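Given chain A, work out where chain B should sit, using these hints.
The residues making up each chain are set out below.
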Amino acid sequence: MAEARQQARRPHGAAGAIVLNGVHKWYGEFHVLRDINLTVREGEKIVICGPSGSGKSTLIRCINRLEEHQQGEIVVDGIELTNDLRNIDKIRAEVGMVFQSFNLFPHLTILDNLCLAPVWVKKKSRAEAEKTARMYLERVKIPEQALKYPGQLSGGQQQRVAIARALCMNPNIMLFDEPTSALDPEMIKEVLDVMIELANSGMTMMCVTHEMAFARSVADRVIFMDRGEIVEMAPPEEFFANPKSDRTKHFLSQILNH
Amino acid sequence: MTATTNRPGPGPISPPAKPNLLYRPEFRQAVYQILLAACLIFAFWTIASNVSDNLARQNIASGFGFWNRTAGFDISQSLIAYSNQSTYGQAFWAGLLNTLLVAAIGIVFATILGFLVGIGRLSSNWLIARICGAYVEILRNLPLLLQLFFWYFAVLKNLPGPRQSFSLPLGASLNVRGLYLPAPVPGPGFRAVLIALAIGVVASFAVAIWAKRRQRETGERFPVLWTTLALILLLPGAVYIALGQPLSFEYPALRGFNFQGGIAIQPELMALVVGLSTYTASFIAEIVRAGIAGVPRGQREAANAVGLSKGLTMRLVILPQALRIIIPPLTSQYLNLAKNSSLAVAIGYPDFVSVFTGTVLNQTGQAVEVILLTMLVFLTISLITSAFMNWFNKHIALVER
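The listed protein sequences correspond, in order, to chains A and B. Here the numbering used here is used: the first residue of the first sequence is 1, the next is one more, and so on. Here the numbering used here is used: the first residue of the second sequence is 1001, the next is one more, and so on.
Here chain A stands alone, though its shape is the one from the complex (with noise of 0.2 Å):
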């Protein structure tokens, strides 16, 4: 399925699924990120992890314009990220999005949350969106709770929804944004579980988490980033064994040893 669909969307060949040039952001006087560059493969598995404040979220809300960056190039799919509207549109229905905070919408049920976008945004049919949508809940593994509301389910069940939302656009690239921070640890395994099976469907994949377990697991690349910058950036094998920099060692030793 995800070879299928991802041949049918290569528009000129790009060099990479997400393609980042030189790429600064400034909040005010704040130097954000500095000189990014970064280039994602097709089916590529990124994790992003450094200490808070480094910019590794916005990073990634850089990618389908959450936020604007200022100076350098962003091309995903092989579209440019510029200020045209359309371009901005496009790419957002390429990439899926999950967030921290899970962002469900609580005035609709579950099913209508998975529905909302493939109806409005691709024209989809409702029966056709609904088929779609009982499919991903089925992936995720909680296909009893569509008609519930989110208030209704738990932090972990609420995560996977929002997994299952994002998939529904049936995007090419998907980004988490600390998928796992805001859950009770017995609910982190339910949610990597789905993205581990995500990762094995050959989905392109950026994900910023502490989860390191995952990260040696499923990363193709590991990339470490402090003050903006992007410190370190290796296979995990090389990353967790033999960091380089100073930085990284002493952030791994505060993660790893508690």
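It should be emphasised that the hints constitute simulated quantities derived from the structure, not laboratory data. The structure displayed is predicted, hence computed values, not measured ones. Careful, some of the hints might be misleading.
[To be verified] Which chain A residues face chain B? A few, computed with CB under 10 Å, are given here:
no., residue
1, R61
2, D89
3, C168
We treat Cβ as the ideally placed atom computed from N, Cα and C, and that holds for glycine.
Just chain B, lined up with the frame of chain A:
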């Protein structure tokens, strides 16, 4: 289980021994309730007997005997047939309908204007946001009475006299005596046009329902707005032309010192409606802004992330959630508007308070009855409004576990 205890062992559990009556919560609560009720009854009885003693001493007959007596005064605007030969009871209804008229028109205008200004204040368009901000800050920070005086004395009463009146499009004119609109005079066969209009309205509802169902089933959207407009405007229009335009207008014309004919809208009514609705709209705008701002930022981001446009995000995600924050304070603004309409007395609009609590009370001297009735009327209007709004609020409330 030791032998010293005389409690029954395992087996049917006997109820715990009852404490003294005085220490039982149910008994105490009942006593407090009865005491409070007795105090209230005594207070009311004292007030009532005092009032009736005083009235008897001053030889004032109490009761509603005045209701059917001739009022003997005129009311400048009435929705029902009323002359100075009518009864006090008819004056009551004339005044009440005038108040309801102002409240109804005022609520509609205030809601529309308030939502526009409230959303406009959050606009990314610098100029629109500033204009809406200035509107709110000016209108809500000046006393309403002053604003009514402004509209009435400074604006409407400064218009030129009938001879120099402003001509507005479609044969309307505006002068110091009010707004004069052409009055439609239905000719023979005009009923067919009305029937066509009714068919158009019903058909557009049917189309809307059908289009919604089809969208659920096939995903195709139907241009409901345009179809509706065509059905409501073109269908009666076609019938109207086919029947040879069976509707004539009676245009207001200057005869002698004033306009005659047509529909006349008093400047008092205009000033009151404009003043009340622009003033209340400034509060509603703030309520709408707070409601929209009260929806978590993540909701907008999530809607953007799944590709919903700005307009769809507002309509499908933000407003439905903002509404449940907006409704309760909006209700109190509606109630405020209805109550504030009693300021009409200051600019001479014959509203309920001015007619009934003013003139009728003065003429009959039945202060207790008139004031009680007035309170009852406002209480009824307010309770009906808030009952409706509570129902609506419950209807859109969020389901939490």
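Hint-by-hint comparison with the structure:
Residue-level restraint check for A:R61 holds (minimum Cβ-Cβ distance to chain B is 8 Å; threshold 10 Å). Taking 10 Å as the C-beta contact cut-off toward chain B, the hint placing A:D89 at the interface holds, the least distance being around 6 Å. Contact between A:C168 and chain B, as hinted, is supported at the beta carbon level, the nearest pair being about 8 Å apart and thus within 10 Å.
This entry satisfies every hint, going by the numbered hints stated previously.
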